[in-house]
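Residue numbers (the numbering used here): 1374 to 1578.
Incorrect hints may have been included.
What the hints assert, rightly or not - Cβ pair distances, simulated, as ranges: (1) Lys1399 - Thr1520: 17 to 23 Å; (2) Thr1449 - Glu1395: 15 to 21 Å; (3) Thr1501 - Lys1413: 31 to 37 Å; (4) Pro1554 - Gly1433: 33 to 39 Å.
Derived from the structure by calculation, the hints contain no laboratory data. Just so it is clear, CB atoms sit at the ideal spot from N, CA and C, and this is done for glycine as well.
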Amino acid sequence: MTAKATYSVHPSVLMVRKWVAELKEKTGRSLEEWLKLVKKSGPATEKERREWLKREHGLGTYSALWIAERAEGKGTETDGPDAYLRAAEAYVEAMFAGKKQALRPIYDELLRLGLAVGKDVKACPCRTMVPLYRNHVFAQIKPATLTRIDLGFALGARAAEGRLIDTGGYAKKDRITHRIPITAPGEIDAEVKRWLKTAYDGDGA
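All chains should be modelled from the sequences, with the hints used to inform the complete structure.
So, in structure tokens, the structure goes:
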């Protein structure tokens, strides 16, 4: 199966492309012009550059972050769909490399189940986890330790029951509010599938 068939473009890619297109109009400089300015006149480190862009040039947090990243040659994976999808494959390979390689069969099965729960499900890998989207993130697959994957769910204020563990996410206004720890493929049972479907249904239109 190809990367494009397995993974979908993360919503942040469209956000960044829109930002790049509107940057000149909103700030008076294009991305290329900002990068030249940062490299010529900005501080030495990425962190200092972020603060400098906000303080001296009035840029917002995300604009300062993205410009400072790109000045370091980072963040280019969100520049377009093809770049992101190449990076997505690399993220997953890195997540389950080395001592976490034994977790890969668990991940593969959870990903298969997540994508099968509805035709509109999208898996959009990040560096440390793989969120599953419908309209929003309704679940996420995250290698938590060398021997455990946490399957997280967006279940709102629901009380924890069965194998569900409350993450404290609801009180912190996080999307992921509950998780089920999984250490072997055999633990992916009817309860796991039920909560996946519940979280998916809860993110309907």
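Hint by hint, here is what the structure shows:
1. Checked against the given bound of 17 to 23 Å, the beta carbons of Lys1399 and Thr1520, roughly 47 Å apart, lie outside it.
2. Judged by the Cβ atoms, the range 15 to 21 Å given for Thr1449 and Glu1395 holds: they are separated by roughly 19 Å.
3. Between Thr1501 and Lys1413 the C-beta distance comes to about 34 Å, which sits within the given range of 31 to 37 Å.
4. Between Pro1554 and Gly1433 the CB atoms are about 38 Å apart, so this pair conforms to the stated range of 33 to 39 Å.
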